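Take a look at the letters that make up each chain.
There are 2 protein chains.
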Amino acid sequence: MILINGKNCTELSVSDRGFQYGDGLFETIEVLNTYPILIDSHLTRLASGCKKIGIPAPDKQLLLHEAATLSQNISHGVLKIIITRGSGGRGYKPPDVIEPTRILSRHPFPDYSPSFRQHGITARFCQHRLGLNPALAGLKTLNRLEQVLARAEWNSPEIQEGIMLDLNGYVIEGTISNVFFVKNDILYTPLLTQTGIAGIMRDFAMQTATANGVKVEQGLFTAEQLLAADEVFVTNSIIGIWPVKQLESQFFPVGKVTHSLQTSLAQFKQQVIST
Amino acid sequence: MILINGKNCTELSVSDRGFQYGDGLFETIEVLNTYPILIDSHLTRLASGCKKIGIPAPDKQLLLHEAATLSQNISHGVLKIIITRGSGGRGYKPPDVIEPTRILSRHPFPDYSPSFRQHGITARFCQHRLGLNPALAGLKTLNRLEQVLARAEWNSPEIQEGIMLDLNGYVIEGTISNVFFVKNDILYTPLLTQTGIAGIMRDFAMQTATANGVKVEQGLFTAEQLLAADEVFVTNSIIGIWPVKQLESQFFPVGKVTHSLQTSLAQFKQQVIST
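Line by line, the protein sequences are chains H and P. Okay, so the first sequence: first residue is 6 according to the numbering used here, each after it adds one. Okay, so the second sequence: first residue is 6 according to the numbering used here, each after it adds one.
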């Protein structure tokens, strides 16, 4: 089911600027027992992204209402929200009056093996280096060709994620996830001021770790630093927290920080669906 | 009129990867007396871009046929071709069998004042700095949010173009054009290996200048070097060649290199439409 500006349909005008220029943003949200998990955080990020690129943010109550409509009877699924600058304008120039396009769609939950969460995934380094773009860094825009190219680098189902470095050789993120590592009991994650997407689950993991008494540091880290970690894990709103058991030829245990964050996340979700 | 995979329609599935991720490329072509100008160059660039990002290039004869269909009875207009990776795949991962979406659309020719071509335009520098992205540099992808943000910086109809610098402070291009300048009889244009779109009219201008005995150099140039030029002009496939008469508070004459290239372009178009 897809709601485009509140109407149940599946097609969109070719003139939409989301299609013409990638002129928009999106959110991907887990739905569990009819509850869109962390929806407030997602809508806050969406509104903040809209402000940053000059699209009038859609009404929050309307989004919540439509999200609830799409989440009805869903025991486990994915809700995607796309906001574009709509149609009109003259070439790249936005129209004087922007009428955003609002698309909410629901999708089956991907059939990830439970072992990914329990025992960890295998990851590789991608060849594609993320470009540097501070003006758009952190935002989940519709300009995602880099992730497509990085994800096209491998086909083996044995590898679940690719870790991307930026032009300067710093670790930034996975193709669909943010990356974390633990070294000497400190939790590290890449600073996303030059490129990358600041995920909602990344925020959750940082906040929860801090609340659990784990020191969290954002910074610029090399592939070598990542490979020398005690624990590595990746996060996104759909996968939650996946330990990385292998990155290239390096093996990692499912460590105590990773495990504790997974437990906190499971407890958080349990609370949400019991309300 | 819009042809989507050969069919006359105006809407596209929301699931198209062009919309979801900007996973595609486009070309914008002037149509003059039913002739799509420089269409061979456009289709060559399109095929080369498709190869680079792993989309099977659509059949050239088919594109030529559809371009001719849309150009019928058009005395002056614009033809736009969009190629996307189509629908399918799993998230960013492209589908095993890619079935590209092919969209050809025609549009009225913009009502540019003839004085832009004759006497030149007024330009400004944009605040937005182009990100660095060598893997996609040169390509006209559907990831164009940066140009949208740069073009949204000004609203005054007195200013026709914004010149964009990259993160390192080098001049790259205009929001819709490539930029050239002449200094001491040498024609300079930014090297587009880190960012920017390598325009078809940029190629035409470089080749024609060389054929006319003008030395052409690509390189990295600062805003100061551009402001100190003897002549400045911008190019794209729709505007052709526009002299820049004013950039910020600096004035430029319509110089002899600019004028000679404009004459060559006019002669070239005359030849095309007389065949």
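None of these hints come from the bench; they were simulated from the model. Because the structure is a prediction, the values reported are computed rather than measured. It is possible that some hints are incorrect.
Just so you know, same-sequence chains aren't split out, so a pair can sit in one copy or run between any two.
Said to hold, decoys possible - Calculated pairs, BS3-like style, for lysine-lysine (alpha carbon to alpha carbon, straight line, at most 25 Å):
1) LYS261 with LYS85
2) LYS250 with LYS261
3) LYS65 with LYS145
4) LYS57 with LYS261
5) LYS274 with LYS56
To see whether the hints hold, each was checked on the structure:
Proximity of LYS261 and LYS85 under a CA criterion of 25 Å is satisfied in neither setting, with 32 Å inside one chain copy and 55 Å between copies. Only within a single protomer do LYS250 and LYS261 lie at most 25 Å apart by alpha-carbon distance; the minimum there is 13 Å, versus 65 Å between protomers. Within a single copy, LYS65 and LYS145 get their C-alpha atoms as close as 18 Å, which meets the 25 Å cut-off; across copies the closest is 35 Å, which misses it. Neither within a single protomer nor between protomers do LYS57 and LYS261 lie at most 25 Å apart by alpha-carbon distance, with minima of 37 Å and 43 Å respectively.
For the identical chains of this complex, LYS274 and LYS56 are neighbours neither inside a copy (29 Å) nor across copies (44 Å), given an alpha-carbon limit of 25 Å.
Hints 1, 4 and 5 from the earlier list are contradicted by this structure; the remaining hints agree with it.
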